[in-house]
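*Asks:* Chain by chain, the residues run as shown.
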Amino acid sequence: MTAIAIERQGVSLPGQRQQTLSLTYHRLMLMMLVFAGVTTLIVARILYLSVFSDRADTGAVGNPLLPARGDIIDRNGVPLARTIDAWSIAVHPKKLLGDPAELAVKLNELMPEKSAAEYLSLLKSDKTFVYLSRRAMPELVAAVNALGEPGIAFDREPERLYPNLELAAHVVGYTDLDGKGAAGIERAFDKQMSDPATRGEPIQLSIDARVQQALEAELLAAMHKFSAIGAAGVIMDVKTGEVLAMSSLPELNPNVPGKGSMDARFNRITLGVYELGSTFKPFTVAMAMDAGVVKSLGQMYNCSSGLRAGGFTITDTHPFNRACSVSEIMQESSNIGTAQIAAQLGAERQKEFLKKMGFLDRVEIELMERGRTLTPGNDWGEVATMTVGYGHGIAVTPLHLASGYAALFNGGIWHPATLLKTGKNRPVPAGRRVFSEDTSYKMRALLRLVVTHGTGKKADAPGYRIGGKTGTAEKIVGGRYTGASVVTTFAGVFPMDEPRYVVVAMLDDPKSTAETYGFHTAGWNVAPVISKVVSRVGPMLGVQPSTSRDANLAEVLPFIRGD
Amino acid sequence: MDAPPSRKAQTARLGRSDRSALGKWFWEIDRVLLMLVVVLISIGLIAVAAASPAASQRYSGGAVSFAPLHYFYRQLVWIIVAFPVMIGVSMLPKTVARRLCLIGAGIFTFFLFLVPIIGQEVNGARRWIGVGFTQFQPSEFLKPMFIVSMAWLLSLRDQDKSLPVVPLSALMLGIVALLLMRQPNFGETIIFGAAWVILLTLSGVPMRFLIGLGAAGIIAIVLAYLFYPVATTRIDAFLFADAGNHDTYQTDSALRTLTAGGLFGTGPGGGTRKFHLPEPHTDYIFSVIGEEFGLIACIAIAAIYMTIVARVLIKLLHEEDTFLLLATAGLVTQFGLQALINMAVNVQIAPSKGMTLPFISYGGSSMLALSIGFGLLLAFTRRNPYLHRSPYVVRGK
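For the protein sequence lines, the chains are A and B, in the order given. Quick note on this note's numbering: the first sequence kicks off at 1 and runs consecutively. Quick note on this note's numbering: the second sequence kicks off at 1 and runs consecutively.
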């Protein structure tokens, strides 16, 4: 580089002229500095534009590295939601050059959703800018462009794409037309996904797309087979509370959420509250064992006849008509027996346990669609305690149930459910102890017994040691229970010798078929779903099938009396 | 005795011993400067090719329909005409060049007088004179010649201190400015005025005179804003863009086009925003380059203009002839200023002016005017490479 010093050598000029020249050289260099300064300013402005031009319409293309909205991926990196560039077609009515009447007819031919008259009134309106079509297909853009009207403007705008269509739709959610999260993770993490500082990093869910697909497929098949109006299912890691799959049917395509019915947009797993019936019984038994009310799985209760409680009689579908053990109560799902255990436990201790399991509050998860549970409230007397004991008079979400089962089988510690993958960056949130380890251990054999010898036989999948509990609850229609319409649930856990995953499946209003011999109870319609789902997801989750390992049934079999 | 080998046989073509006119020119010309302008013209040709479809689409309509590359081919033809003119001018002896400029300045000032009478109106301004197949703006041709004439006038002071050169030059500028404002042509007036101020500055007028001039300039701009409708709308649109009562559609779409390609651009022909630009091939060609070739290309172009200006100004540090110093500095700063203003408008740090990017914008006849101007610059920077050594080179090792 040349030094900008005014030092001349070997030149002899008259003093005056030399002085003028040196002034000129000074000013020449000043001028150059001004030029350099303005050039620097322009370059800085260009760099500024390239990094910070974060306007809605140029954000996506202005900075190729930063998406207009953050991606959502599953636990293995499979994209569940991403943003692509789409087209919008708009018109500047005041800048039109052509004949509006002619143009309106042509627009109607290309975009028949509005009549030519409607287009004409748009084109003649006083507005400066009107959208004609958003998220337009490239062919439509080309066709409208070919009309050659300079008053029509085309613009790129970011569009949210859900490449897996219905998969995990209720978890991922969807955005509204303005690109703001309207449901699911899209709504819950809207700020994080739209903030330029954080949206570069995708949101990684705990969902496993493969597991999700298996659960959805089996639920859908069962829903159609039994003509149910809806179905729901959730698979959860018992140790971390991570939700690996969560499905609510009927299906919803988040790419076109407006086309889904209200029912399809409804998330039955987190927003729907149901009386989940007999799936509650294991909680009652575990509470009683923890409280010292039930000291042995062989403890006997009188199940000889219907139990009078308040103004009605508690009955059983498979009456014993004799005294029966706790193991037998669970195996045959006896309301009479469970009601007595609950009565012994008492309302206060029952409430305390339910509170610790989060059953009295909104379910804990990242989503904002969370239903308020229904409980006996101030009428929590002995009768309510008995009915709550076998899952009636209390309505919770299926996710409450899954979290409760996770706590029941992971050694007794309750964790809030989460949809975000835990790992190095996200430790498992601290839990709280609900049941003792001993109680948790004893429940394994008890619920394995239900599948091997009791009401849940159809839930078994060879080698996967499934345990669980059926539940059939009558739906309240017009304020009273009717036998016609039920919600059937199965809450399963596998493998029962070392529990790792909870699988909850639910069918809303399944009908009986010839195959089920006229029954519409959980053991007939929803238990087989568990068997099929576990057979499919077991290998994906790395659970090794084994015929030699199993829960220790010797702990419960002695208390079963063969008739 | 053997005859000595003929002189011709010893002389390699364009070698250092070549004493022909071309040989001397080759050794005297600033070849780096020549190369830089060739690079600029090449970039311009590519950029016009990119902008041509957008411009053709914009100006087609009704009975007139332009082929997509219409402007590209016209630009190519003009370059084929203009480049030899530049080389020819650069070969002129300096005194001849000066004399021709003085004559030319007179002729084009006369044309400027004629514009209101025989001129053609384009976009609400009467700036053009038609000559059969094309039309030209006399002010474009006047610009370099005016600067050279000014430089000559101001350099006369060296011979006779008593000459009232400053008032004379101000009178000349006043006449030209008046004619330009009548067209109206705000941007060109500013360029002429700026060139005059730069020449005065370099000719060594006292600082307080320059400060007074600056104050007068500010007052002039305020007056223009108040009483000159073209200036009012342009300045309003820039300053109060957010108020929404002015149409910023043009400048907004220019900025959107500029950034649409990111750092590396959409690639040649990949741009889509350019079709929404007014004047994509002239005023806003910088934005088209931004979209198709990326912001890095824009930075590179800014760097080339800066290099040209810096190279010439540094070279002038060992020029002692007042006329050459003033003329060269005037020509190169006018050239650089025009580029800076155009780029500043495109990146929205200056109000819209209607100014082209030298050698890059599509220009037609103005390409010829630019070539004459740059040819003069090359002629005035021609130097015997052995005559001077710059004392400003850092000595080391």
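Where hints are given, some of them may not hold.
[What the hints assert, rightly or not] Result set (DMTMM-like, lysine to aspartate or glutamate): computed pairs, CA atoms no more than 25 angstroms apart in a straight line: (1) K24/B to E320/B; (2) K94/A to D252/B; (3) K95/A to D155/A; (4) K259/A to D290/A; (5) K95/A to E320/B; (6) K239/A to D263/A; (7) K355/A to D290/A; (8) K421/A to D190/A; (9) K356/A to E437/A; (10) K95/A to E118/A; (11) K127/A to D252/B; (12) K457/A to E515/A; (13) K424/A to E201/A; (14) K94/A to D71/A; (15) K94/A to D236/B; (16) K259/A to E157/A; (17) K295/A to D126/A; (18) K127/A to D236/B; (19) K95/A to D236/B; (20) K95/A to E121/B; (21) K180/A to E366/A.
Simulated from the structure, these hints should not be mistaken for lab results.
*Asks:* All the hints need checking, so say for each whether the structure fits it.
*Replies:* Against the structure, the hints come out as follows:
This hinted pair checks out: K24/B and E320/B have alpha carbons roughly 22 angstroms apart, not beyond 25 angstroms. Annotation: proposed proximity of K94/A to D252/B holds, straight-line Cα distance about 18 angstroms (limit 25 angstroms). At roughly 16 angstroms between alpha-carbon atoms, K95/A and D155/A fall within 25 angstroms of each other, so this suggested pair holds. Distance restraint check for K259/A and D290/A: the Cα-Cα separation of roughly 50 angstroms exceeds the 25 angstroms cut-off, and the hinted pair is therefore not satisfied.
Between the alpha carbons of K95/A and E320/B the distance comes to roughly 58 angstroms, so the proposed pair goes past 25 angstroms and is violated. At most 25 angstroms may separate the alpha-carbon atoms for a hinted pair to count; K239/A and D263/A exceed this at roughly 32 angstroms. The straight-line distance between the Cα atoms of K355/A and D290/A is roughly 15 angstroms, inside the 25 angstroms bound, and the hint therefore holds. For a cut-off of 25 angstroms, the pair hint linking K421/A to D190/A stands: about 18 angstroms separates their Cα positions.
In summary, the hint linking K356/A to E437/A is supported, as the alpha carbons are separated by about 16 angstroms, within the 25 angstroms threshold. Of the pairs offered as hints, the one joining K95/A and E118/A holds, with about 19 angstroms between alpha carbons and a cut-off of 25 angstroms not exceeded. With a C-alpha separation of about 19 angstroms, the suggested pairing of K127/A with D252/B holds against the 25 angstroms cut-off. With a C-alpha separation of about 15 angstroms, the suggested pairing of K457/A with E515/A holds against the 25 angstroms cut-off.
For the hint pairing K424/A with E201/A, the CA-to-CA distance comes to about 16 angstroms; that is within 25 angstroms, so the pair holds. Using a Cα cut-off of 25 angstroms, the hinted pair K94/A and D71/A is violated, with the two alpha carbons roughly 39 angstroms apart. Of the pairs offered as hints, the one joining K94/A and D236/B holds, with about 22 angstroms between alpha carbons and a cut-off of 25 angstroms not exceeded. Between the alpha carbons of K259/A and E157/A the distance comes to roughly 22 angstroms, so the proposed pair stays at or under 25 angstroms and holds.
For the suggested pair K295/A and D126/A, the alpha carbons sit about 82 angstroms apart, so the restraint of at most 25 angstroms is broken. The straight-line distance between the Cα atoms of K127/A and D236/B is roughly 23 angstroms, inside the 25 angstroms bound, and the hint therefore holds. Proposed proximity of K95/A and D236/B is supported: the alpha carbons are some 21 angstroms apart, at most 25 angstroms. Simply put, K95/A and E121/B have alpha-carbon atoms about 23 angstroms apart, close enough for the 25 angstroms limit, and the pair holds.
A threshold of 25 angstroms between alpha carbons decides the hint, and for K180/A with E366/A the separation of about 17 angstroms falls inside it, so the pair holds.
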